[in-house]
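Number of protein chains: 2
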Amino acid sequence: MKRFFPILEWSRGYSRDTLSQDLVAAIIVTIMLIPQSLAYALLAGLPAEMGLYAASLPLIAYAAFASSRVLAVGPVAVVSLMTAAAIGNLSLSNPAEIAVAATALALMTGLMLLGMGLLRLGSLANFLSHPVVAGFMTAAVILIATSQVKHIFGISASGKDLITMLRTLFGNIGDTNLITVTIGLAGIAFLIWARKGLKPILLKTGMPDKLVSILVKTGPILVVVISTFITWAFGLVDHGVKVVGTLPSGLPPFTIPSFDLDLWRSLLGSAILITVVGFVESVSVAQTLAARRRQHISPDQELIGLGAANVASAVSGGYPVTGGFSRSIVNFDSGAQTPAAGAFTAVGILFAAVFLTPLLYFLPKASLAAIIVVAVLSLLDFSVLRKTWVYAKSDFVSVAATMLATLGFGVEIGVSAGVALSIAIHLYRTSHPHYAVVGQVPGTEHFRNINRHEVQVSPSIYSIRIDESLYFPNARFLEDTINDAVSLDPAIDHVILVCPAINFIDASALESLEAINHRLKDADVKFHLSEVKGPVMDRLKRTDFLEKLTGEVFLTQFDAVCALDPDCANRAYHDPHP
Amino acid sequence: MKRFFPILEWSRGYSRDTLSQDLVAAIIVTIMLIPQSLAYALLAGLPAEMGLYAASLPLIAYAAFASSRVLAVGPVAVVSLMTAAAIGNLSLSNPAEIAVAATALALMTGLMLLGMGLLRLGSLANFLSHPVVAGFMTAAVILIATSQVKHIFGISASGKDLITMLRTLFGNIGDTNLITVTIGLAGIAFLIWARKGLKPILLKTGMPDKLVSILVKTGPILVVVISTFITWAFGLVDHGVKVVGTLPSGLPPFTIPSFDLDLWRSLLGSAILITVVGFVESVSVAQTLAARRRQHISPDQELIGLGAANVASAVSGGYPVTGGFSRSIVNFDSGAQTPAAGAFTAVGILFAAVFLTPLLYFLPKASLAAIIVVAVLSLLDFSVLRKTWVYAKSDFVSVAATMLATLGFGVEIGVSAGVALSIAIHLYRTSHPHYAVVGQVPGTEHFRNINRHEVQVSPSIYSIRIDESLYFPNARFLEDTINDAVSLDPAIDHVILVCPAINFIDASALESLEAINHRLKDADVKFHLSEVKGPVMDRLKRTDFLEKLTGEVFLTQFDAVCALDPDCANRAYHDPHP
Chain A
6 MKRFFPILEW
16 SRGYSRDTLS
26 QDLVAAIIVT
36 IMLIPQSLAY
46 ALLAGLPAEM
56 GLYAASLPLI
66 AYAAFASSRV
76 LAVGPVAVVS
86 LMTAAAIGNL
96 SLSNPAEIAV
106 AATALALMTG
116 LMLLGMGLLR
126 LGSLANFLSH
136 PVVAGFMTAA
146 VILIATSQVK
156 HIFGISASGK
166 DLITMLRTLF
176 GNIGDTNLIT
186 VTIGLAGIAF
196 LIWARKGLKP
206 ILLKTGMPDK
216 LVSILVKTGP
226 ILVVVISTFI
236 TWAFGLVDHG
246 VKVVGTLPSG
256 LPPFTIPSFD
266 LDLWRSLLGS
276 AILITVVGFV
286 ESVSVAQTLA
296 ARRRQHISPD
306 QELIGLGAAN
316 VASAVSGGYP
326 VTGGFSRSIV
336 NFDSGAQTPA
346 AGAFTAVGIL
356 FAAVFLTPLL
366 YFLPKASLAA
376 IIVVAVLSLL
386 DFSVLRKTWV
396 YAKSDFVSVA
406 ATMLATLGFG
416 VEIGVSAGVA
426 LSIAIHLYRT
436 SHPHYAVVGQ
446 VPGTEHFRNI
456 NRHEVQVSPS
466 IYSIRIDESL
476 YFPNARFLED
486 TINDAVSLDP
496 AIDHVILVCP
506 AINFIDASAL
516 ESLEAINHRL
526 KDADVKFHLS
536 EVKGPVMDRL
546 KRTDFLEKLT
556 GEVFLTQFDA
566 VCALDPDCAN
576 RAYHDPHP
Chain B
6 MKRFFPILEW
16 SRGYSRDTLS
26 QDLVAAIIVT
36 IMLIPQSLAY
46 ALLAGLPAEM
56 GLYAASLPLI
66 AYAAFASSRV
76 LAVGPVAVVS
86 LMTAAAIGNL
96 SLSNPAEIAV
106 AATALALMTG
116 LMLLGMGLLR
126 LGSLANFLSH
136 PVVAGFMTAA
146 VILIATSQVK
156 HIFGISASGK
166 DLITMLRTLF
176 GNIGDTNLIT
186 VTIGLAGIAF
196 LIWARKGLKP
206 ILLKTGMPDK
216 LVSILVKTGP
226 ILVVVISTFI
236 TWAFGLVDHG
246 VKVVGTLPSG
256 LPPFTIPSFD
266 LDLWRSLLGS
276 AILITVVGFV
286 ESVSVAQTLA
296 ARRRQHISPD
306 QELIGLGAAN
316 VASAVSGGYP
326 VTGGFSRSIV
336 NFDSGAQTPA
346 AGAFTAVGIL
356 FAAVFLTPLL
366 YFLPKASLAA
376 IIVVAVLSLL
386 DFSVLRKTWV
396 YAKSDFVSVA
406 ATMLATLGFG
416 VEIGVSAGVA
426 LSIAIHLYRT
436 SHPHYAVVGQ
446 VPGTEHFRNI
456 NRHEVQVSPS
466 IYSIRIDESL
476 YFPNARFLED
486 TINDAVSLDP
496 AIDHVILVCP
506 AINFIDASAL
516 ESLEAINHRL
526 KDADVKFHLS
536 EVKGPVMDRL
546 KRTDFLEKLT
556 GEVFLTQFDA
566 VCALDPDCAN
576 RAYHDPHP
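Chains as they are written, first to last, in the numbering used here: chain A, 6 to 583; chain B, 6 to 583.
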């Protein structure tokens, strides 16, 4: 029971102390989350209130199932961009249809996460290698920042790749609204200054270090309050400043998501990508934070928590959510002890949805854009390019290709191409496993690589040791290697495959071994195995391979060579340097 | 030079003996190839003469570059079916457009094969695991046989999946032409009898065994001659028997393939699949036959040979070709010694194209269908299902899924789904590498798995040995395993990663090691490495990982434990059972 409902564990020891710590964290995260949720909904191309909805019920659902104590779930930048791309694919123009598609996407994402969690398939996230994630994130940040430039200039632009975005931006640059630009750039300047310059000032007042770090991160709410007030006070809407406008007041609407099969089919690919990218990001944040307090998180349980959060988002008018990076750190630093902090945050957002929405009418879109730009630019990190270049060229290729594909063709093609490429590189690498042709170390029963050690070999015996399990990516490599050796050296009468490092032989590799045996038989060469591990031998016994084997299976390589060449024992027990 | 032009090698020793052996083989293969090439063109949905064209110039091009001495290249059943599917995707109805698409497909396939050969990417064929190939071939055979039923019944049917084919067949079964059915079924019966019953009869006449085996395989030409004569003599065309009709007489036309970008884009996926499937089939036949004479083939050189053959097919009005299974065996058994036999075969086919085409007017399509059905049904082999079920369930899933997807959705979705699934299963398996928590064997400096041996451990030290290289599919597994261990056992102060089996650490795994180091630091646990291989260490030195490492790198696991726990040396040098 406790495995599926971690809430049963942490709620038991819930004390007044824990409550007050969770409440403090919840208040701080709420202040941070109100502007962020509005801004990310804007980024996703959705009505601003959907951000608030995605930041309320999902947090409560996550709290009920989560294994992480401090992960802060809700709308995040990258998933919002991916939502925009997914809905962009559908070429909808009716806002009601767009909202329906967004909730359907949340439901699909939620069901996939739940399914993966129940089937314990958290390890599927391994498909996303670190170079792919790093290249994708860097490119996504650039796309997100560029997509906000239109709001800051008060012009229109479109496109899901960098080239199209920049072309449409430059095409409309003449429509720039100067007051909007002023608001946007002032917002950016203030937020950057708040990060760098505000901290020393606050520290001088003697406030504790932790409080200062948290206060600095509430800068966005100040931008919201001040820019809204100015826009209202000076009637800037009449001067062309675009504002959030009327937001519906009230609790999130109960929504029955669409089950339109055509809609689901066209969103399927996007939902898979959002599921995987969202999960990978969440788990890595959750693990990092859990380790700091030596707590335990279960990736499969996180899948269930995130799945529940997305289903909750779907039935309350929201869109796909996941664990946020900076928000979770604020939650942690503010002292959140249990997932209840998330539930309290949800209450704060619900309060905002009911009472504060009228106040947000005059909030300029440029301010929200400024908040997004500063939030994501701090995530920009090109060092991975240099780092992988120095460390391993194959990884560098993955990073660079993913980055370029994402910038050039958008998030969906970018991440798909990156995954495909990194898997191809991986298969290519494992298709050339480490191997050694071995000979006997004189005076011993040991066999070592003939290229690295002074060893003795019998001309009629070819002994090859493969240092990896045999499966389809490397099955043909073994065939080719043995074929080549035998066809180039007519003296060979025996081939011995030395197997101490082989943990598994799949059906493809078995087929290759059969082909090797068959071809060697045609060439009058016997095929032997030595040092086969127990479980591998058990599997081979279920086939007729051992019956058809022209040679024998030997317990040790020494036994094998001695059976085929009587000199072997002499070499082992006579000192080569008398 | 000889590496790229194997012809330089075999042509030097070319004697009158070799010539006569090659000529005999060429005559036999030509007799076999004439009906097959017409039949496979029909299967591909192309005019019958394109089969002859694909069986002439490509054979000469292959002979110039091939490393296999006996592979017989030309139109084959599976690639013809895939060509039909590729062209079917385009929904063309104009025969001229269909021919243009077929030559474009041959050109694309040829260029891809050449490109892979020049880049020495033969190992990319590893993406096709044996279960995928076996499942795909079995399903393709069923689809091919079913697709010919319409010709045998003289009705129309369509579809690229089994369900659609069967539905349209049953829908039109009322139109059955009885004379056509008689011809078709008689052809099938004769061909099956020729395989089984003719052999003993011929053997009784005292003919050599080898000659009999070859004569039995020329049955199709008899079917062609007899059914054509009967159809002409009795005027069966007037009774509704569909015939091949007018074939253009003359040499293959020089063709400039289309470079229409839209056409290329829509054929791209199909061309990739044909390239890979065709290459894998060719190489496995070529390797099997080469081994019998202890000859050497180079997969990369085969790519170049097959690429040249397909480019030749494209410029001479043909369609995609590859190495044929049964035809190569006949070539081999007939005594072909060099690729020149293929070139002589091409001359035979050219002769047929110039002089014999008028005679083929009355050849019934039902006879060609009978030839195809009998040829492919001999390839039908369900034993792989039972074999993989017994051997490894994961491979069985690959076979069954590929087979069902091919039958249910056609060859292209079938093989793509199979490849994706087998790669996913492989990644899932490698994402859970073999590992062991190790302890010290008392009285020794050795460390062994604590679950299998009586060993002693220091409670504050957690030593884990991973028996595989670290790369992205298993990077997170290591993180999770160490996270779990440390969070569940508060006594742990040191984690030692024992690395003797780690040949490579990719950037994802390095990131995981950094994350482990970082998280252990947060939890006040030191992270050490032991027994790191030289090349791995060299790579790590290029990063700042070793500087940030909270613990140390030890040469041996014994050194590591002794440095952290002074009892270690006592355990090693005091007899535990005095």
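Fair warning: there could be bad hints in the mix.
Pairs count within a copy or across copies, as identical chains cannot be separated in the list.
[What the hints assert, rightly or not] Heads up, simulated DSS-like pairs for lysine-lysine below, C-alpha to C-alpha not over 30 Å straight-line:
| no. | residue 1 | residue 2 |
| --- | --- | --- |
| 1 | Lys204 | Lys553 |
| 2 | Lys546 | Lys201 |
| 3 | Lys209 | Lys538 |
| 4 | Lys201 | Lys526 |
| 5 | Lys215 | Lys531 |
| 6 | Lys247 | Lys553 |
| 7 | Lys398 | Lys165 |
| 8 | Lys215 | Lys247 |
| 9 | Lys155 | Lys215 |
| 10 | Lys165 | Lys526 |
| 11 | Lys165 | Lys538 |
| 12 | Lys398 | Lys204 |
| 13 | Lys526 | Lys546 |
| 14 | Lys155 | Lys247 |
| 15 | Lys155 | Lys398 |
Quick caveat, the hints were computed from the structure, so don't treat them as lab data.
Hint check results:
Taking the shortest Cα distances, Lys204 and Lys553 sit within 30 Å of each other only across copies (28 Å), while inside one copy they are farther apart (76 Å). With identical chains, the CA atoms of Lys546 and Lys201 are never at most 30 Å apart, being 68 Å at best within one copy and 34 Å at best between copies. In this homomeric assembly, Lys209 and Lys538 never come within 30 Å of each other (Cα to Cα): the closest approach is 67 Å inside a single copy and 51 Å across copies. In this assembly of identical chains, the alpha carbons of Lys201 and Lys526 lie at most 30 Å apart only when taken from different copies (27 Å versus 75 Å within one copy).
In this assembly of identical chains, the alpha carbons of Lys215 and Lys531 lie at most 30 Å apart only when taken from different copies (27 Å versus 73 Å within one copy). Taking the shortest alpha-carbon separations for Lys247 and Lys553, neither the intra-copy value of 79 Å nor the inter-copy value of 49 Å comes in at or below 30 Å. When the C-alpha separation of Lys398 and Lys165 is checked against a cutoff of 30 Å, the pair qualifies only within one copy, where the shortest distance is 29 Å, while the shortest distance between copies is 43 Å. Proximity of Lys215 to Lys247 under the C-alpha cut-off of 30 Å is found in neither arrangement, the shortest distances being 37 Å within a copy and 88 Å between copies.
For the homomeric pair Lys155 and Lys215, neither the shortest alpha-carbon distance inside one copy (36 Å) nor that between copies (79 Å) is at most 30 Å. Proximity of Lys165 and Lys526 under a CA criterion of 30 Å is satisfied in neither setting, with 59 Å inside one chain copy and 41 Å between copies. For a Cα distance limit of 30 Å, the shortest separation of Lys165 from Lys538 qualifies neither inside one copy, at 53 Å, nor across copies, at 46 Å. Neither within a single protomer nor between protomers do Lys398 and Lys204 lie at most 30 Å apart by alpha-carbon distance, with minima of 40 Å and 60 Å respectively.
In this homomeric assembly, Lys526 and Lys546 come within 30 Å of each other (Cα to Cα) only inside a single copy, at 20 Å, whereas the closest approach across copies is 48 Å. Taking the shortest alpha-carbon separations for Lys155 and Lys247, only the intra-copy value of 11 Å comes in at or below 30 Å, while the best inter-copy value is 66 Å. In this assembly of identical chains, the alpha carbons of Lys155 and Lys398 never lie at most 30 Å apart, being 37 Å within a copy and 55 Å across copies at closest.
Checked against the numbered hints above, the structure breaks hints 2, 3, 6, 8, 9, 10, 11, 12 and 15 and satisfies the rest.
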